[in-house]
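Participant: Sequence:
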Amino acid sequence: MKVGLAYDVGGRGDQSFNDSAAAGLDKAKAAGVEITGELEASNGETDTNKEDRLRQLGDKGATVIIAVGFAYATPLSAVAPDYPKVHFAIIDDSQLCDGTIKGDFSNVACLTFSEQEGSYLVGVAAALKSKTGKVGFIGGVNTPLLQKFQAGFEAGVKATKADAKVESKYITEPPDFGGFNAPDKGETIAKGMYSGGADIIYAAAGGSGAGVFKAAKAAGTLGIGVDSDQYNVPALADVKDVIMTSMVKNVDVAVYADIVAAVNGKPLTGQKVYDLKTGGISYSTSGGFVTDIEPQLKEAEAKIVSGEIKVPTTPGS
1 MKVGLAYDVG
11 GRGDQSFNDS
21 AAAGLDKAKA
31 AGVEITGELE
41 ASNGETDTNK
51 EDRLRQLGDK
61 GATVIIAVGF
71 AYATPLSAVA
81 PDYPKVHFAI
91 IDDSQLCDGT
101 IKGDFSNVAC
111 LTFSEQEGSY
121 LVGVAAALKS
131 KTGKVGFIGG
141 VNTPLLQKFQ
151 AGFEAGVKAT
161 KADAKVESKY
171 ITEPPDFGGF
181 NAPDKGETIA
191 KGMYSGGADI
201 IYAAAGGSGA
211 GVFKAAKAAG
221 TLGIGVDSDQ
231 YNVPALADVK
241 DVIMTSMVKN
251 VDVAVYADIV
261 AAVNGKPLTG
271 QKVYDLKTGG
281 ISYSTSGGFV
291 TDIEPQLKEA
301 EAKIVSGEIK
311 VPTTPGS
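So that you can map any letter, position 31 of the sequence shown is 31 in the UniProt record's numbering, and since no number is skipped, the others follow by simple counting.
In silico BS3-like pairs for lysine-lysine, Cα to Cα no more than 30 Å straight-line: (1) K185 x K134; (2) K240 x K161; (3) K27 x K266; (4) K27 x K272; (5) K277 x K266; (6) K272 x K85; (7) K277 x K161; (8) K217 x K158; (9) K169 x K310; (10) K310 x K298; (11) K240 x K298; (12) K298 x K277; (13) K277 x K27; (14) K303 x K131; (15) K60 x K272; (16) K191 x K240; (17) K169 x K191; (18) K85 x K266; (19) K165 x K131; (20) K165 x K240; (21) K85 x K102; (22) K240 x K277; (23) K134 x K191; (24) K185 x K240; (25) K191 x K129.
For each label pair, taking beta carbons as the anchor points, the in silico distance ranges come out as: (26) K165 x D26: 39 to 45 Å; (27) D52 x N264: 28 to 34 Å; (28) D241 x T132: 17 to 23 Å; (29) P81 x N43: 25 to 31 Å.
Read the hints as simulated data drawn from the structure, not as lab findings. Keep in mind it's a predicted model, so treat the numbers as computed, not measured. Even for Gly, the Cβ is constructed at its ideal location relative to N, Cα and C.
Could you put together the complete structure from these sequences and hints?
Facilitator: See the structure below:
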């Protein structure tokens, strides 16, 4: 079994989404799985670039290829049929598995997450911890996927404190996906929010979150991380004291599970959803910032898992 992985913008070292995928790959490598290649995306590239990247991995002999990010959906739809003996998986998109993109993609698994559920919980935390009653959300790129983060966060805030205010902004609009790797722009937007009265900002923006945390530290306020437990990311050690919690999305678990299934001769197919109930989504407690409000967070989590709380996936719904 030989595994290849194609990263999203920011690649290994983004301290967030891609690094979580890399952790799953590293675990497989430590277990003896051969890695044939790790290829990175760059800002401003086309679907053709992404398609070429996937084909490079296939031509190098990879028998399992994992595409990290929804932007690979269309490129993968062109590549997968040409490599019928290769098992493909795509993180954060279901279009090849739910029939949205037509074709025979029986060799593809779609690994998706209920990001809105974890975002709801950090929204509860933000509402309980805010002293000004105003919090912010900064998304990397304005896409349906990132709107799930926004919707969950806003719902969690409002359910906890109906009179709280949430200011939401995105760094870039499609087709510009550079918002996931633009910490300077994230810092600028965050500075505006903090100066406008927000005292906690949820940064669902990949590598751009580093800029939000920098702004939080300068303002003497707090930020919320995403995807990994960013309090414990070595590259963010100088701002860890302002990272109140993180919405943890266990991409590493999904990547490793996909590889193990393929190694065992039973590759995953169709859509697999990782949520609070399955342990695919959680929130971090590092630093002790939310220790005093954990009873409220656990109560909200239990209600989401039981179905008592239905978390929206689109803002304003």
